[in-house]
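Sequences are here, hints too, so could you generate the full structure?
First to last, the protein sequences are chains A and B.
Residue numbers 1 to 362, in this note's numbering, belong to the letters of the first sequence in order.
Residue numbers 1 to 362, in this note's numbering, belong to the letters of the second sequence in order.
Note that these hints are calculated values from the structure, not bench results.
Being a predicted model, the structure only gives us computed values, none of them experimental.
Careful, some of the hints might be misleading.
[Claimed, not checked] With a straight-line cut-off of 25 Å between C-alpha atoms, the simulated DSS-like cross-links for lysine-lysine are:
hint : chain 1 : residue 1 : chain 2 : residue 2
1    : B       : Lys354    : A       : Lys301
2    : B       : Lys104    : B       : Lys236
3    : A       : Lys174    : A       : Lys104
4    : A       : Lys71     : A       : Lys104
5    : A       : Lys288    : A       : Lys301
6    : B       : Lys122    : B       : Lys288
7    : B       : Lys288    : B       : Lys301
8    : B       : Lys167    : B       : Lys208
9    : B       : Lys78     : B       : Lys104
10   : B       : Lys288    : B       : Lys78
11   : B       : Lys340    : A       : Lys340
12   : B       : Lys288    : B       : Lys167
13   : A       : Lys340    : B       : Lys301
14   : A       : Lys354    : B       : Lys301
15   : A       : Lys301    : B       : Lys340
[As the list claims (entries may be wrong)] Which bits of chain A does chain B cover? Going by a derived footprint, with three or more residues having C-beta under 8 Å, they are:
hint : stretch
16   : 88-98
17   : 321-330
18   : 334-343
Every residue gets a Cβ at the ideal spot worked out from N, C-alpha and C, and that includes glycine.
Listed below, chain by chain, are the residues.
Number of protein chains: 2
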Amino acid sequence: MTKEHTWCVIMAGGVGSRFWPMSRSAYPKQFLDFLGLGRTLLQQTYDRFTAICPPENILVVTNLQYAGIVKDQLPLLKEDQILAEPSRKNTAPCVAYASHVIAKRDPHANIVIAPSDHLVLKEEAFVDTIDLALRQAAEDDRLVTLGIMPSRPDTGYGYIQFQDAPKPHPRVKKVKTFTEKPDHETALRFLESGDFLWNAGIFIWSLKSIMKALRTHLPELDSLFSEGAGMYGTVKEQEFIAQAYPQCQSISVDHGIMEKADNVYTIVSDLGWSDLGTWGSLYTHLPKDAQENGAVGGMVKLYDSHRNMVHMHDDRLLVMQGMEDMIVVSTEDALLICRKQDEQQIRTFVNDLKTETDDRYI
Amino acid sequence: MTKEHTWCVIMAGGVGSRFWPMSRSAYPKQFLDFLGLGRTLLQQTYDRFTAICPPENILVVTNLQYAGIVKDQLPLLKEDQILAEPSRKNTAPCVAYASHVIAKRDPHANIVIAPSDHLVLKEEAFVDTIDLALRQAAEDDRLVTLGIMPSRPDTGYGYIQFQDAPKPHPRVKKVKTFTEKPDHETALRFLESGDFLWNAGIFIWSLKSIMKALRTHLPELDSLFSEGAGMYGTVKEQEFIAQAYPQCQSISVDHGIMEKADNVYTIVSDLGWSDLGTWGSLYTHLPKDAQENGAVGGMVKLYDSHRNMVHMHDDRLLVMQGMEDMIVVSTEDALLICRKQDEQQIRTFVNDLKTETDDRYI
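This is how it looks when you write it as structure tokens:
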């Protein structure tokens, strides 16, 4: 497959409050170097896509508020590769906007849509899998989503149930159902059944297929963005978007299209993937010391401590003794200490801060 | 008693490594505002003594390294009220030096010697007790040390065993023995016996008595400082001290004088006193929330946490969940988390830092 018609859309508008205090509303998770590798999650996502398409075919969709950060972190991007959303409207409007922009530049485009804040450890497998997905999408009218073989009954992920495809390829499966964040018992049943995958939120389709799907399943959204057809890529684009976005329904691609369409396929993938949804999920991907502590950043000295997740900013020193199964995160102005098993409470803490303080810590 | 012959000597040369990471060798404990009151421990000590003697009769003995900090924190002190020691030689040389300086200014002096880094909550009781001690010291050749009624079998304190004095006053007792830091069993026995007090390290005596005691019990030290008799208060004092100090034996007043002399008395005192020797001892003196957490500084939000000692610098935010009986101390460049019951290990941590890093964190 030639790469010239391959386009990659990176979605970088999220807020990431579960990663407080490191992730802040003014500087969320995708702009941070969580693993201490010297590249932020957005930069790593961009780097991965340079192996898949020409760099000028990479678009980043972000909130207007973050456009400056995107420019700073990806200085090779041209002005017209950053699409700025004036408000948060979930993923479907983002996909519609990007599709219309691409339609103007390349009517024969095949498109990969991916979040900017996920972890992918197996880069080669990622490239191979995307390549397979792109071929599926280019050859047939298929909406493809990557499915990760689940390793535990995670209740934080969406699940895809698959069946065998009519034209079978060992890794390509037709999607039967989507299930958002199941309870523990259901997740366990999914895991044991063997025909459920985690939904990685990475979509692959041709421009033609997604345009058709938008017309069919989200006709209002489609007609709203179609009105701007003459303006994408012109000086009027910003103005059009500024008035169109407030009228958009806030809806995800999953709910708006994937759950309704009957041409949805998944590819069974093993990518060393995590959505890095919580500190606990980051912990599972960190190298550990002999006491199973995972530490990033700073200078960390642990005594009689086991299975902790530690994240220190800059060259801050931590001396820690007698701690087990805790999350310890230090940033320039805040410190979080929380039991790993209670990390879902972090959202509550952030909400309490919202009501009880000014917004400086959020 | 007239105050004009009362002199107060504040010893402010200590290092305080048990209060790491807040107390640093370059800026130790006595120069810090531990309780968040807006005055450092040294300033509070000075404030207490202004009720006892004329401000010009207060001397601060400190290490040369800290003389600048003392000047900054006590701007009313004149140059000749700060005695700078060129090296650390424990308390006996400090007492000898200060006594000779005072001898030159006031041969009829009565002197209070006190550490700069202790806590005294009952200020009126302190003034009354010092007043009683000064009368004892002025009227007879007595070396007086304040004794605190013990409230627990603390193994970190020195203990004074007393007997009734020949000329009895209900609170004045003759000292029988000194015992440094007993083991737990011994401390328990001391507590139960009823004739043991904690040694607060606050000494009261006349100039005449201490000079005689120095001559008798530490003759070498005495003759060393006597050689400088013509130089105290002159431009030659610094030079003399610079060559005298390296020759000094490093010894405490307790070992060098109090344990040997037979004219040692103690006054049973209830001062709300603590030597603030450890984070745990600070904890016992802090106001507590309903879950018995004691917190100083910063902005502290606790969830499901009990009996913790928290100290945050500046306006740093702490959100803490699921912690019990821990010490959490945050400073500008370091964070300590340690079980309260294991706080004696903090010295080990600091020693490890000394061998494993440069000195920036110490």
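Consistency of the hints with the structure:
Taking the CA atoms of B:Lys354 and A:Lys301, the gap is near 13 Å; set against the 25 Å cutoff, the hint holds. For the hint linking B:Lys104 to B:Lys236, the alpha-carbon distance of about 14 Å falls within 25 Å, and the restraint holds. Pair hint A:Lys174 plus A:Lys104 does not hold up; C-alpha atoms about 31 Å apart against a cutoff of 25 Å. Under the criterion of a C-alpha separation no larger than 25 Å, the hint pairing A:Lys71 with A:Lys104 is consistent with the structure, at around 23 Å.
For a cut-off of 25 Å, the pair hint linking A:Lys288 to A:Lys301 stands: about 14 Å separates their Cα positions. Annotation: proposed proximity of B:Lys122 to B:Lys288 holds, straight-line Cα distance about 19 Å (limit 25 Å). For a cut-off of 25 Å, the pair hint linking B:Lys288 to B:Lys301 stands: about 14 Å separates their Cα positions. For the proposed pair B:Lys167 and B:Lys208, the alpha carbon gap of about 21 Å is at most 25 Å, so the pair holds.
Under the criterion of a C-alpha separation no larger than 25 Å, the hint pairing B:Lys78 with B:Lys104 is consistent with the structure, at around 17 Å. Among the hinted pairs, B:Lys288 with B:Lys78 is inconsistent with the structure: their alpha-carbon atoms are about 40 Å apart, more than 25 Å. The suggested pairing of B:Lys340 with A:Lys340 holds, with an alpha-carbon distance near 21 Å, which does not exceed 25 Å. Proximity of B:Lys288 to B:Lys167 is assessed by CA-CA distance (about 44 Å); at most 25 Å being required, the pair is judged violated.
Restraint check for A:Lys340 and B:Lys301: the C-alpha separation of about 18 Å stays at or below 25 Å, so the hint holds. Of the supplied pair hints, the one linking A:Lys354 and B:Lys301 holds, its CA atoms being roughly 13 Å apart against a limit of 25 Å. For the suggested pair A:Lys301 and B:Lys340, the alpha carbons sit about 18 Å apart, so the restraint of at most 25 Å is met. A count of 0 residues in the stretch 88-98 of chain A with a Cβ less than 8 Å from any Cβ of chain B is obtained; the coverage claim is therefore unmet, three being the minimum.
Residue count for the stretch 321-330 of chain A with a Cβ under 8 Å from a Cβ of chain B: 6. That meets the three needed, and the coverage hint holds. Restraint check on the stretch 334-343 of chain A versus chain B: 7 residues with Cβ-Cβ distances below 8 Å, three needed, restraint holds.
Of the numbered hints given earlier, the model fails hints 3, 10, 12 and 16; all others are met.
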